[in-house]
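Could you build all of it, start to finish, from the sequences and the hints given here?
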Amino acid sequence: MVKPTAKFSIRGLSVHYGRHCVLRDLNLDIQANEIFTVIGPANSGKSTFLNCLNRLVDLVSASRCSGEIRLDGIDIRGGMEVEALRRKVGIVFALPLPLPLSIYENIVYGMRMQGIRDATLLDEAVERSLRESYLWEEVKDRLRTAAMNLSGGQQQRLCMARILAGRPDVLLFDEPTSGLDPISTAKIEETMMVLKEKYTIVLVTNNVAQAARVGDRTAFFLMGEMVELSDTSKLFTAPADSRTSDYITGKFG
Amino acid sequence: MNPRLAQKIAHAVMLTATLLVVLPVLVILVIIVAKGASAISWDFLFSMPRDGMTAGGIFPAILGTLYLVLGAILFAVPLGVLAAVYLVEYSSDNWFSRLVKLSIVNLAGVPSVVYGLFGLGIFVTFFRFGASILSGSLTLGIMILPVIITSAREALESVPRHFRVVSLSLGASRWQTIRHSVLPHALPGILTGMILGLGRAAGETAPILFTVAAFYLPRLPHSVFDQTMALPYHLYVISTQVPGIAENVRYGTALVLLSLVLLLNLAAILVRSRFRGKKKW
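Quick note, the sequences are listed as chains A and B, same order.
The working numbering applies: residue 647 is where the first sequence begins, and numbers increase by one.
The working numbering applies: residue 0 is where the second sequence begins, and numbers increase by one.
Please note: incorrect hints may appear among the correct ones.
What the hints assert, rightly or not - For the chain A half of the interface with chain B, some residues (derived, Cβ under 10 Å), not all of them: (1) 705; (2) 707; (3) 732; (4) 733; (5) 739; (6) 745; (7) 755; (8) 759; (9) 763; (10) 786; (11) 811; (12) 828; (13) 829.
Unchecked claim - Ranges of calculated distance between the beta carbons of each label pair, as one might list FRET restraints: (14) B:107 x A:869: 44 to 52 Å; (15) B:81 x A:712: 34 to 42 Å; (16) A:795 x B:99: 39 to 47 Å.
Think of the hints as simulated: they come from the structure by calculation, not from any bench.
Backbone N, C-alpha and C define an ideal beta-carbon position, used for all residues, glycine too.
Below is the structure:
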């Protein structure tokens, strides 16, 4: 049974790259309006898991997925176009990756690809999404300048604005602060806390403290398997599995 | 050996090698300009040859070469770029794409006279285009295809992968991604390939020998099914086949061919730098 509030429900998800198994038989639900964080060492499959949720995993040649992922009860493979899925489920990557366009054009890129040409609609989306990502005040006077000239933290918030412009349901963050200084990191985290009122957030991070700060629930991945999933406070205070406690106390990873 | 001395010797050797590379270019240019410049005149450039090519101009040959180059580019660039886009963006690494890549490499190694024979067999005889601008252009076009495809492939492959991933992640389709986030950044590289192909198409003699080039045809072509004179072949003819042509006419023809190629290159380079400069912000 799919619980009515589950945004994503994942059943029996396995991913192979060639013969190599990167995710093994994953079963979990992601609730609407929560920040679901995934922690784990390198090669634990957490980024692959994120890329399954918007099917970017399809870009990896020789990747094979089995199992089922449902978004609001609809199978994301059989039930919808991949372009529509990716508009609903936006992703912010580890490195700030603005396209070599202006700030404005970066934000409206997705809308333009949808065929939206109405200038007022585009202008509105730019202002709304920049306000939502707390970048508006800093860039409102130079929307037509190169996005590449922004600082790393600003670029990362621009990448958030870029997916917010398309009115998504779910925001995926793939170690979004790994290349940022502590102040920029704090800003991104604050923004996430506000955004979860409206969106469902899945955050993959290799910063254990970050998961503890922002996560509602946290999953610990190890070598392609989910070792433990519980409320963040419980996972960090009383982990059920010894491997989890070893990882969060820094014994390996 | 003293490392400072070794450094000096290495520097001297490499500088000499570099100068030796530049030297032939300079010598060729100086000789052609010195011997040919006196022949260049309005009349030489823009009038018909007369008296068995011993007098008059070389206008039909200039125009013929321009037509042939244009035809070859019109044929080869769209075909080559589309093939490169397919190979880089769509095909996966399987036996078919490897076979295609292998044949492109081999196509580049075929001697130009073989292209001439191929053009004669296919376009002139089989398709009954006759010896014509169409046959010559298509033959030259096939000859420059490998250059076009290879440089377009390199240009596409040098576009960072994350442009594609970001574009797709924002809900763009595959073709939209290629059209808006890949091709614009590959365009300068694609144009470089076009420039290289253009120079080769203008200068080759063998491929047009059996397919289009006229020995002596003092009139302008009326359609793509007409024969035409062309500069490289004309140069060969007046240098070796017809006695009694003044030396400055021969070198003048070479100078015109050289200038034409340089001019076409220059135009393409200007277009390319415009694209490079045209940032969309």
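Status of each hint after checking the structure:
1. Hint status for residue 705 of chain A: holds, given a least beta-carbon distance of 7 Å to chain B, under 10 Å.
2. Given the 10 Å rule on beta carbons, the hint for residue 707 of chain A holds: about 6 Å separates it from the nearest Cβ of chain B.
3. For the restraint placing residue 732 of chain A at the interface with chain B, the shortest Cβ-Cβ distance is roughly 4 Å, inside the 10 Å limit, so the hint holds.
4. Because the closest C-beta pair between residue 733 of chain A and chain B is about 4 Å apart, less than 10 Å, the hint holds.
5. At a threshold of 10 Å, the smallest CB-CB gap from residue 739 of chain A to chain B is about 8 Å, leaving the interface hint in force.
6. A distance limit of 10 Å between C-beta atoms decides the matter here; for residue 745 of chain A the minimum to chain B is near 6 Å, and the interface restraint holds.
7. Given hint, residue 755 of chain A at the interface with chain B, holds; its Cβ is 6 Å from that chain's nearest Cβ, closer than 10 Å.
8. Because the closest C-beta pair between residue 759 of chain A and chain B is about 4 Å apart, less than 10 Å, the hint holds.
9. For residue 763 of chain A, the interface hint is violated, since its Cβ never comes within 10 Å of a Cβ in chain B; the closest pair sits about 14 Å apart.
10. Annotation: interface hint on residue 786 of chain A violated; nearest CB of chain B at approximately 16 Å, more than 10 Å.
11. Hint status for residue 811 of chain A: holds, given a least beta-carbon distance of 9 Å to chain B, under 10 Å.
12. Given the 10 Å rule on beta carbons, the hint for residue 828 of chain A is violated: about 25 Å separates it from the nearest Cβ of chain B.
13. With a least beta-carbon distance of about 25 Å to chain B, the hint placing residue 829 of chain A at the interface is violated under the 10 Å criterion.
14. Between residue 107 of chain B and residue 869 of chain A the C-beta distance comes to about 47 Å, which sits within the given range of 44 to 52 Å.
15. Under the hint 34 to 42 Å, the C-beta atoms of residue 81 of chain B and residue 712 of chain A, about 36 Å apart, fit the expected range.
16. The given range of 39 to 47 Å is respected by residue 795 of chain A and residue 99 of chain B, whose C-beta atoms sit roughly 41 Å from each other.
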